[in-house]
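Chains as they are written, first to last, in the working numbering: chain Z, 1 to 403; chain E, 1001 to 1403.
If you are wondering where the hints come from, they were derived from the structure by calculation, not from laboratory data.
Bear in mind the structure is a predicted one, so any value in this text is a computation, not a measurement.
Each residue gets a CB set at the ideal place from its N, CA and C atoms; glycine is no exception.
Check each hint, because a few of them may be wrong.
On the chain Z side, residues computed to face chain E include the following (Cβ under 10 Å) [stated by the list, open to error]:
| no. | residue |
| --- | --- |
| 1 | ILE27 |
| 2 | GLU83 |
| 3 | THR250 |
| 4 | GLY251 |
| 5 | ILE273 |
| 6 | SER281 |
| 7 | VAL282 |
| 8 | PRO295 |
| 9 | PRO301 |
| 10 | ASP312 |
| 11 | GLU329 |
2 protein chains.
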Amino acid sequence: MIKTAILGIGTVGAGTAEVLTKNKDVIARRAGQEIEVKYILCRKPRPDHPLADRIVHDFEVIVGDPEIAVVAECIGGATVAYEYDKRCLLAGKSVVTSNKELVAKHGMELTAIARDKGVNFLFEGSVGGGIPILRPIVQCLAANEITSVCGILNGTTNYILTEMIQCGKTFDQALKEAQEKGYAELDPTADVEGIDAGRKISILADLCFGKNVAPEEVKTVGITAIASADIEYARILGYKIKLLGRALRTGPNSVTAFVEPHLISKSNPIANIDGVMNGISVKGDAVGETMFFGPGAGALPTASAVAADVIDCVREPNTRKYLGWWPSEPGYVTDPDLISSRWLVRTGADLSGIGAAFGNARFITAPAGAQGEYAFVTDYMSRAALDRRAAGMDVRAVYRILD
Amino acid sequence: MIKTAILGIGTVGAGTAEVLTKNKDVIARRAGQEIEVKYILCRKPRPDHPLADRIVHDFEVIVGDPEIAVVAECIGGATVAYEYDKRCLLAGKSVVTSNKELVAKHGMELTAIARDKGVNFLFEGSVGGGIPILRPIVQCLAANEITSVCGILNGTTNYILTEMIQCGKTFDQALKEAQEKGYAELDPTADVEGIDAGRKISILADLCFGKNVAPEEVKTVGITAIASADIEYARILGYKIKLLGRALRTGPNSVTAFVEPHLISKSNPIANIDGVMNGISVKGDAVGETMFFGPGAGALPTASAVAADVIDCVREPNTRKYLGWWPSEPGYVTDPDLISSRWLVRTGADLSGIGAAFGNARFITAPAGAQGEYAFVTDYMSRAALDRRAAGMDVRAVYRILD
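Next up, chain Z with everything else stripped away, as it sits in the complex (with noise of 0.2 Å):
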């Protein structure tokens, strides 16, 4: 019998109680023992909930228990947070979570500390929610140089994208459709501006390439300017818009890692993740392209990834999983403006300036209702060399394409 400790009971912390007792059984079997729920950390008395004995209001109690084993960090954000799960790993104890801000953030200090004392510190669930993808990464591809990681990071901007693109809503309805639905918080910034998908996008870069990228140094651009034209145009080629968190090897050492929506084709199978399912593609030398699909969030989800982390710990107690990457150099990160890529441009310029700036320009039909604009395909080019070409051009919106 292994003992472990939740903290908080919010969604994913009440979920990962449900999983852990609903599932004892086959849990134990597969764990090799029994796992207790001990300690349930919660800063308000909850007397109605199904596990109130175990509920304690006093941190000091979990950390300073020295038969709790494992401890699953269920509180969110970077700074309680931060401090409860390196006490836990400096008194000795596994801690695993779902907290992407935290693992993007402190990700690297953290698992250092984990190896240094001999214990887990894991995180499958802080990226695709309960889509298996950090194991697969670090186990099943690690005979691969990984050349790229691309995906759907983010549900709650994939719901309000598909509603856009397939019940015809703007940006503003589908938002306050997907906060009554529960999908969206009430401030929805840090999902509708892409930080939750660029600290996913630098978790996955830290593990597919090796060394720290910072999260601030993962450049984010949302889907709030969005226009239903630009849906319509992309429509009309083809694609659809999605805001994908993508991550490169640049050179031997070097990396990109960045947020932006993006024109994706729709025979490409990540065009076709709707709703609030996230959608992940690895490349490896070896390997060539793999897929990850399923529910990037929720309660149970979520919690089905965060028990697995604590599986982990319990199965194989004289196992350390070092998840852990390395400092970079300064320039390790280089800035995605210099990757080239097709894009789709939509202008208010006339032809002559279009075609004096881009020359060998595609057209794309205009749908109905468009009027005094036009929009095309660029040949591949960066971003830095659109923007020095557009330079003056009354640019409306600018799209990479991903085939």
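Knowing the structure of chain Z, use the given hints to seat chain E on it.
Same frame as chain Z, now just chain E:
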């Protein structure tokens, strides 16, 4: 430095040698030490091979060398490979393989021997080629009661079906082309009769549900009887014909596993896995549905999985991955003909005969050229019930439908 041996120098063996050599540095970093290929077992001399100096012809050299800690068996089949793998495990060496015939037939015994001897028997590449699938199921989804697994598990048949669907080829034309391109063997029986997919779904059922499903307990129907007319009817209905391997929990202590051509809705992402790609869906009670796509065969993709298993054996020499499962009781594997589905039926019977037998049938508009027959979709019923209703009817084709 860890020393390994590769048994066999066919497609997968050569690929494994290539990956372990080419990506030596990144592999050493991830494994924690260098991995050297000390021997390659090959019956014939191969003086032209880049690793000719490692080639030996006598298995006894390898099994008797205490320096060899990990053996990658790339022979195939379940005779010599079985003997060699067993002897290596008994000699205290870890064994990794992508040999699905062997794992489906003898996996339970070989994992038990590995457990007894404190070594590993790993076989990530035996299902889905390079796609990470077995570790995700066993580790990442360990907190779930898995309810079903379903997928396109054979690239050869998926290539043939894709050519039939997209280019209007007949089965014989598409098979011939697949043979010319090296996607199908001269004797294509194991692929086109569903035997290969049956071995893989047997392994998936073993790992998902924890008890043994012998390959001979998997009912398999191949793709040789699929007519162009069937493909057309499916298209009109918004479906594709795909050869699916499926395993489902049917009761607290029973499962079923089978391989047969299905009509699968085009809105299901698995339906859009074309060519030689594989795609697998896994459903769990906490996570919901997750999907895994990628190259299901080929030298380098499969070698990617085999080499990852080698790295895993090296990285944590004190860990045992215990992928095992347990014997099943009589009656554990139930008949898939009892599983309720909707069905497409193509028949030469007349309308009154169809109405009398099936009542509430939904007829499908006939494609150009179809004469003297009807195709319709039934209500939900088992295959056994369908066969009873259609007794005496001129039935030309029956397909299970998956939405």
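Results of checking the hints against the structure:
| no. | hint | in the structure |
| --- | --- | --- |
| 1 | ILE27 | holds (6 Å) |
| 2 | GLU83 | violated (27 Å) |
| 3 | THR250 | violated (17 Å) |
| 4 | GLY251 | violated (15 Å) |
| 5 | ILE273 | holds (8 Å) |
| 6 | SER281 | holds (9 Å) |
| 7 | VAL282 | holds (9 Å) |
| 8 | PRO295 | holds (5 Å) |
| 9 | PRO301 | holds (5 Å) |
| 10 | ASP312 | holds (6 Å) |
| 11 | GLU329 | violated (16 Å) |
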